[in-house]
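Chains as they are written, first to last, in our numbering: chain A, 932 to 1299; chain B, 932 to 1299; chain C, 932 to 1299; chain D, 932 to 1299.
Check before you lean on any hint, since a few could be wrong.
Note: identical chains are not told apart, hence a pair may lie in one copy or across any two.
Taking lysine-lysine and the BS3-like style, the derived pairs with C-alpha atoms no more than 27 Å apart in a straight line are [unchecked claim]:
(1) LYS983 with LYS1222
(2) LYS1210 with LYS1142
(3) LYS1222 with LYS1210
(4) LYS1213 with LYS1093
(5) LYS956 with LYS1158
(6) LYS1257 with LYS1117
(7) LYS956 with LYS1065
(8) LYS1058 with LYS1213
(9) LYS1231 with LYS1058
(10) LYS1058 with LYS983
(11) LYS978 with LYS1210
(12) LYS1231 with LYS991
(13) LYS956 with LYS1231
(14) LYS991 with LYS1065
(15) LYS1142 with LYS1204
(16) LYS1210 with LYS1058
(17) LYS1222 with LYS991
(18) LYS956 with LYS1210
(19) LYS1210 with LYS1158
(20) LYS983 with LYS1204
(21) LYS1158 with LYS1222
Bear in mind the hints are in silico, worked out from the structure with no lab data behind them.
One-letter residues, chain by chain:
Number of protein chains: 4
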Amino acid sequence: MRNKCIIMQKINSWETERDRNYMIKVGIIGATGYAGGELVRILQLHKNAEIKWYGSRSNKGQPYAGIYQNFFKIVAADCMDENMETLAAEVDVIFTATPQGFCSHALNETILQQAKIIDLSADFRLKDVNIYEKWYELTHPCPQYLEEAVYGLCELNREQIKGARLLANPGCYPTCSILSLYPLAKEGLIDMNTVIIDAKSGTSGAGRSAKTDNLFCEVNENIKAYKVAGHRHTPEIEEQLSIASGEPVVLNFTPHLVPMNRGILITAYASLKREVSYKEVKAVYDSYYEKEAFVRVLEKDVFPQTRWVEGSNFVDVNFKIDPRTKRIIVMGAMDNLVKGAAGQAVQNMNLMFGLPETEGLQMLPVFP
Amino acid sequence: MRNKCIIMQKINSWETERDRNYMIKVGIIGATGYAGGELVRILQLHKNAEIKWYGSRSNKGQPYAGIYQNFFKIVAADCMDENMETLAAEVDVIFTATPQGFCSHALNETILQQAKIIDLSADFRLKDVNIYEKWYELTHPCPQYLEEAVYGLCELNREQIKGARLLANPGCYPTCSILSLYPLAKEGLIDMNTVIIDAKSGTSGAGRSAKTDNLFCEVNENIKAYKVAGHRHTPEIEEQLSIASGEPVVLNFTPHLVPMNRGILITAYASLKREVSYKEVKAVYDSYYEKEAFVRVLEKDVFPQTRWVEGSNFVDVNFKIDPRTKRIIVMGAMDNLVKGAAGQAVQNMNLMFGLPETEGLQMLPVFP
Amino acid sequence: MRNKCIIMQKINSWETERDRNYMIKVGIIGATGYAGGELVRILQLHKNAEIKWYGSRSNKGQPYAGIYQNFFKIVAADCMDENMETLAAEVDVIFTATPQGFCSHALNETILQQAKIIDLSADFRLKDVNIYEKWYELTHPCPQYLEEAVYGLCELNREQIKGARLLANPGCYPTCSILSLYPLAKEGLIDMNTVIIDAKSGTSGAGRSAKTDNLFCEVNENIKAYKVAGHRHTPEIEEQLSIASGEPVVLNFTPHLVPMNRGILITAYASLKREVSYKEVKAVYDSYYEKEAFVRVLEKDVFPQTRWVEGSNFVDVNFKIDPRTKRIIVMGAMDNLVKGAAGQAVQNMNLMFGLPETEGLQMLPVFP
Amino acid sequence: MRNKCIIMQKINSWETERDRNYMIKVGIIGATGYAGGELVRILQLHKNAEIKWYGSRSNKGQPYAGIYQNFFKIVAADCMDENMETLAAEVDVIFTATPQGFCSHALNETILQQAKIIDLSADFRLKDVNIYEKWYELTHPCPQYLEEAVYGLCELNREQIKGARLLANPGCYPTCSILSLYPLAKEGLIDMNTVIIDAKSGTSGAGRSAKTDNLFCEVNENIKAYKVAGHRHTPEIEEQLSIASGEPVVLNFTPHLVPMNRGILITAYASLKREVSYKEVKAVYDSYYEKEAFVRVLEKDVFPQTRWVEGSNFVDVNFKIDPRTKRIIVMGAMDNLVKGAAGQAVQNMNLMFGLPETEGLQMLPVFP
C-alpha cells in the first residue's frame, strides 16, 4: 500500500506509468531536517521509489505533514523512530540525513546485508580515519567500512557507485568545489599549492535546529565568514583533489553565510602552471562535462549565479583567466539542498539501483 | 522537430512516455516576463505540450536562455516577435503574458479560428466594458468578445472552460481572494457589504520592467500599501463575488508589497450573517474543495503561509471565526506566478484540450 | 566613573557638552534582547543619561559587547543579574525589557521609592486586571499598581507621564495602531464597531530567543498571519480607543510576520459616520499632530512605508477615503524597536525627568 | 537662514549648541543617489555644517523630501541643478556624488579657489592618468589636478588631507581592502605577489538607477561574482598597497553581489613571508589602529560581520593565520555607504576644515 493520500492521487497523473514491478522501498532517517525534507520532495515524484519510513526521533508519532506543511494532503505518514536495524528489514535503501556520528554508530553488517545505505553525513567520506577524527573531533566507531564506502560524486565515481552498498554522499561545499576544479586538477593545469576556495552559502546549509545565530534577524542584512581555516569540508575537498591531481593538496577554504535560503557559490583561485588560452581551457571543461546531465559549463564571461540553479540538480561552472596575475578564477553555483544533498543522494540511488541517473531529478531551476 | 537541446534530452527520461499523437503546439507572447518564464518552466515538463514560439519583441533574435539563464542547455530557441496572426497559423494555443491592451488590440476572428487564446492580462476578465474602461483607463478595442470570453478560474467555471476559444486567465489577487471567499459568498454566510480584503504580495507580481520602485534596496526591509482604494483587481473580485452571492458586491481591497520573490497572502474580513460553528463552516469549505486537486483547506488553527505553497499550483485556505466581533477572518496563500498566473493558465489549457487537469502541474511546494 | 572605554571617548566629541550636574543613572533589565540592545544604542548618545547596569541573567558575567558586537569598544561593561532591589538602590530609573510577568513579580514599594520604573512588558498596560489575566493567562501579582501606572503613549498622556513613578511602555502594535486611529476615534468620525486593524511586523518583534519558527529559512520568502483573533495587543488597543472615543470598542486585530528586520505597518479600516472630505480629515489629523516631533502626517496619497522611518522614532500616518464603500483606510508606519519600544521608552524617560522630550532621539531614518 | 523646517527644529535640541560663528556651507551634487542621501542623513546632524544645495539635475525643482521620504518634514529644500561654478560661489565645500567623469569635466581653477571639493567618484583617485584611462575607458579632461588631489583615506593620509583643496574620496571596496591589509603590507609581513581579495557587497553599492539586474527579484535569493578580473577598484587598491609596501603590487580582486542593502565584507588571502604568531600580528594591527576612532581590531577568532557596523563609520578588521598553508586570511567589514562613501567624505571634510575628525559621525551601528 502506498503511503499517499487523496490529493496526491488526484494530481499524479503519471501514477499509472510507474513500473510497479520495480518500486524501491525507501527509508529516511532525519526526515525533518532541511535535507530530509528535500529528499521527500524529490522522491514523491520519483517513478520508481516510495518512501516507507519518515524517521525523526524528536517528532516520533507526529504527522510528517504537520512539520512540513508543504506536504499537507501529500504525505499522510507519521514520523517514525530512527532504529536502523528495524528499518533495514523493511526497505531497500536507507538515507541517513543525520548529524555526524549517527550513521557510523548505528551501522553493522546485518544492516548492510539487508539495505543499501546512502549517508548524507560525513561519516564515510574520508578514507583516512585519522583525518576524520582530527577534523570532526569524534572517534570513528567503524573504520573498517571506510575502505568499502564509495564517495558518491557521481560525475567522478559513476562506476564504483553502481556497485556500492555503503555510499558516502558528498558535502555541499565539496560537491561544488570539486566539480568546479576537477578538470584543472586532473589535467595538471594549475599549481595545486596555490588553490584558494572562497565559498558562499545560503542559510539552509546551517540546518533547522533552533540556534540564535540562525535567527532571521541575525542572518538577514549580514554577511560573515565562519570557521575560517578550520571548516570540516576542507579535508574532503583536499582528498578528492589530491586523487584527481595525483599529488597531496593543502588548500584554503573559507565559507561565508549569505542571507538567502538556498544556493552555494564558490569562487576559487589558482595559479596557472603555464600560459593557456580561453579556448584551450574551455575545451578541457567541455571534454569532462559535455555528456553530463547536471553540469553546465557556461558561455564565455557568463558567470554562475545561484538563482539560475535554484531548486534543480544543476551545477553551473565557469572560469576566467587573469593574464595580469597568471591566475585562473573558477566559479561554481549549485543548490546546496539538491545537488549539494538530496538531489545527489537520489542520483546516487538511481545509479545504485540501475535506474536512469536522471530519474526524479528533472526539476528545472525556479526563477525568480 | 522538438525545440530542445542536448542536455534536456539527457534529463528527460520521461520523454519516451509522451503521447506523440497528441502534442499541443504552444506559442507564448511576453515570454521574457516573470509569468512568461514560469510558463516555460511548467510547459517544459508537460507531457503533451511543446513550446514553438518564445515571443518577446524587445529581445527578438536573442537566445531565450541568454535572458533566463536557468534554461541554459534546456531551451535552444531564440526570441521571436509578437505577431499574433503569424503565430496563430503555427500553433494550437497562444498564451499572452503581456501588458493590458495588447491582446485585445491584436485579437481578431482569423486568429480565434486558428488557435485558442489564453490571455494572462486583464483584457477579457470583466464582462462590463464600462467597468474595464473606467478602471483600466483604456478604450476596449473589441468588446464584442467579452461575452464569449470565459473567466478561467477552473474551480468555478470548469465546464465552460472546456469549450472556450478565448480564455481570460484570472488576476493573481482575484484568484486567491475569490477562492478563499467563494464558499462563504455562495452559501450566503457573510454580509457581502462588509467584505474587506487585505492582500500581501511578493515582488514578482510587479513584473520585470526596470523601475526604481522595484529595485532591491527599495523593496528590501520595507512594507507598504499601494493603490489604496484604487487597485484594478478590485472590480474583478467584485464581479465574481457578485455572481457567487447573487447580489452586487462593493468591497475594499488593499494590496501590499512584501520583500519576497513569490507568494500572495490574502486576509479577508466579513461579518457573519448568523452564528455559525467551526464545524459548520469547515464542512462548507470541504464540500466545495475536497475534490479539488489544487485547493487545500487547512486544519483547524493552521493558517496559510506562502512558504508552504511556493513553486506549486496549490492554494491553501483557512478561516477563523471571531465570536467577539461576529466576524470571520478568511486567509488564502498561493504562489502568484503559478496558481496566480502560469500554473492556472496551464490548468486552463489542460481543460481546453481535454487533458487531465493536473498534467504538468505536479510540482510540489519548494521549502525552504 | 563613566562606563565607556577608549574608542567611545574618542568619538564622542559632544562629551564635554553634557551637563554633568544632571546625569540620569540608568539600569536595564533584559539588556540582551532586541529592545534592550536598542535602549543601549539610544542611551549611549543621550546627553543626560548613562547606563550603569546591563542586566541579563542568562549572560551574567559576560562582556555585553561580546553578545552585541556592534558595541565592541563602546560598551566595556559585563552583564549583571536582574535583581531589581539591588539595582533600584544604584540607579534613578530602571527599564525592564523583559517577558510578561517579570516586572510585576519583582516590583514593590521599596523599589518604587528609589527608582522610577519604565516597564516595556505588558504587565501594567491594562487597567482591568481581569482582562490582563484572561489574555495573558497569568495571575497578576500586584494589581494594586495598575491604577497608578501611567500608559506611556507620550502624544496622548504627556502630562500624566511627567509625574509617573511606574510607566507602562505601550506595545509596538498598539503604539502604531492607536496613534493612527486616535484623531478619528476622538473626533467621532468613525463607527467604532467597524474597526479592523491588519498589521504587519518585521521579525525583530518576535524577540531574540532561539525558536525554529524564527529561523532565517522559515521567515525568509514567507508571509503569514499569526494569533488570528487572539493576539494580546488587542485589548490594549481596545482600551485606549475606548478611552478616546468614549464608548466600548471591540475590534479585529490581525498581526502578520514579514521577512524584514524592523518595521510595523498597520492598515486599518473603519466605516465613516458621515460623508467627509479629504481636507476635513487632513485638518483633523494636523490639529492633533502638527506640534508633535515624532508623528508625521504625510501628504495626500503618499502612503506610509516602513523604510522611511527605520531607525528613527517617527510614526508616519496617512489615510484614504473610499467613497465607494464609505470607509476610511488609515495607515501607520513605525520602527517597532524605536517608537514601538526603546525610543518611546526614552521619550517617556525624558518626560519623567523633565528633559526635552526629543533628547537622544534625533536619529534620522536610515535608508536604504 | 537654515534650510530646515519645523519638525527638525523641534527635535534638534542640540541646535543651540552649534557654534554659529563656524558653520560650513555645503553643496551636494548627486544628492539623490544613495551616497548623496547618506551625506544628507549625516550632515543634518553635523554641528558645524549646513547643506545649502541639494543638486540633482534629473529632479531639479522637485522637493528633495519627495524623493527621499525619510527626510519629510526634515529637509524643506527643492533639488537644484548641478552647475559647479554657480555652486562654488555659494558654499565652502562641494561633495560630488556623481558618476565617473562628472567632476573632472566640471572642475577648474575658479571653482577650486572658491570651494573645497570632495569628489566621491574615481576621477582623482589614481595618480597615473594612463591607468585611469585604461580601466575607466574615459579620457581624463584635467590630469593636471591628479598630482594635487589627495587620496582621502584618513587613517593613512591624515596630514595631507588637512591641507587639501581637492579630495579624492576612496572607493568602497578599496577603503575596506586597504585598511584591512595595510599593516601587513607596510610591515612587509606578506608576499605582495600572492594577495587575493574576495569581496562581497550589499546592493546599495550598485546605485539607484533603474536597471533590471538590480531589481528585487533578480538580487534576492542570489549571489554572483561580477566584473571578475576586471573591476575598476583593482588599480586603486593596487596603487595604495604599492605605496604601502614599497613594491609594485598586482593582485586579484573579485567583487560579489549579496542580497542585502548595506555592507561590504572583504576576505583577503596572502602568503606569509615568515612564520609569525597571532600575538605578533595582533600587536602590529594594534599599533596601527589602536588610536583610530573608526577602525576596530576585533578579538581573537571573532570575525568581522557587516551587521555589527551597519549605519556607522566603523571598519571592523581581523585576521587568521593558517599554519597548514602558511597563509594569513584577513577580513574587513564596513558599511559601504558610510565609511565606504558618505561617512568617510564627512570625516575628510572635518579634517579639511579643522574640526574634530569624528564630528557628525558618532552614529552607533544599528542592529538588527
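Do the hints match the structure? See the list:
For the homomeric pair LYS983 and LYS1222, the shortest alpha-carbon distance between copies (26 Å) is at most 27 Å, but the shortest distance inside one copy (34 Å) is not. When the C-alpha separation of LYS1210 and LYS1142 is checked against a cutoff of 27 Å, the pair qualifies neither within a copy, at 47 Å, nor between copies, at 32 Å. Taking identical chains as interchangeable, the C-alpha atoms of LYS1222 and LYS1210 lie at most 27 Å apart only when both belong to the same chain, with a minimum of 18 Å there against 52 Å between chains. For the identical chains of this complex, LYS1213 and LYS1093 are neighbours neither inside a copy (29 Å) nor across copies (51 Å), given an alpha-carbon limit of 27 Å.
In this assembly of identical chains, LYS956 and LYS1158 lie within 27 Å of each other by CA distance neither inside one copy nor across copies; the values are 38 Å within and 40 Å between. In this assembly of identical chains, LYS1257 and LYS1117 lie within 27 Å of each other by CA distance both inside one copy and across copies; the values are 19 Å within and 24 Å between. Taking CA atoms no more than 27 Å apart as the test, LYS956 paired with LYS1065 passes in neither setting, with 36 Å inside one copy and 51 Å between copies. Taking CA atoms no more than 27 Å apart as the test, LYS1058 paired with LYS1213 passes in neither setting, with 32 Å inside one copy and 37 Å between copies.
Taking the shortest Cα distances, LYS1231 and LYS1058 never come within 27 Å of each other, neither inside one copy (37 Å) nor across copies (33 Å). Proximity of LYS1058 to LYS983 under the C-alpha cut-off of 27 Å is found in neither arrangement, the shortest distances being 31 Å within a copy and 51 Å between copies. Within a single copy, LYS978 and LYS1210 get their C-alpha atoms no closer than 40 Å, and across copies no closer than 38 Å, so neither meets the 27 Å cut-off. Within a single copy, LYS1231 and LYS991 get their C-alpha atoms only as close as 51 Å, which misses the 27 Å cut-off; across copies the closest is 21 Å, which meets it.
Taking the shortest alpha-carbon separations for LYS956 and LYS1231, neither the intra-copy value of 44 Å nor the inter-copy value of 33 Å comes in at or below 27 Å. In this homomeric assembly, LYS991 and LYS1065 never come within 27 Å of each other (Cα to Cα): the closest approach is 34 Å inside a single copy and 33 Å across copies. Taking identical chains as interchangeable, the C-alpha atoms of LYS1142 and LYS1204 are never at most 27 Å apart, the minima being 45 Å within one chain and 40 Å between chains. Taking the closest pair of Cα atoms, LYS1210 and LYS1058 never come within 27 Å of each other, the shortest separation being 36 Å inside a single copy and 36 Å across copies.
With identical chains, the CA atoms of LYS1222 and LYS991 are never at most 27 Å apart, being 43 Å at best within one copy and 30 Å at best between copies. Proximity of LYS956 and LYS1210 under a CA criterion of 27 Å is satisfied in neither setting, with 47 Å inside one chain copy and 38 Å between copies. Taking identical chains as interchangeable, the C-alpha atoms of LYS1210 and LYS1158 lie at most 27 Å apart only when they sit on different chains, with a minimum of 20 Å there against 37 Å within one chain. For the identical chains of this complex, LYS983 and LYS1204 are neighbours neither inside a copy (52 Å) nor across copies (47 Å), given an alpha-carbon limit of 27 Å.
With identical chains, the CA atoms of LYS1158 and LYS1222 are never at most 27 Å apart, being 36 Å at best within one copy and 29 Å at best between copies.
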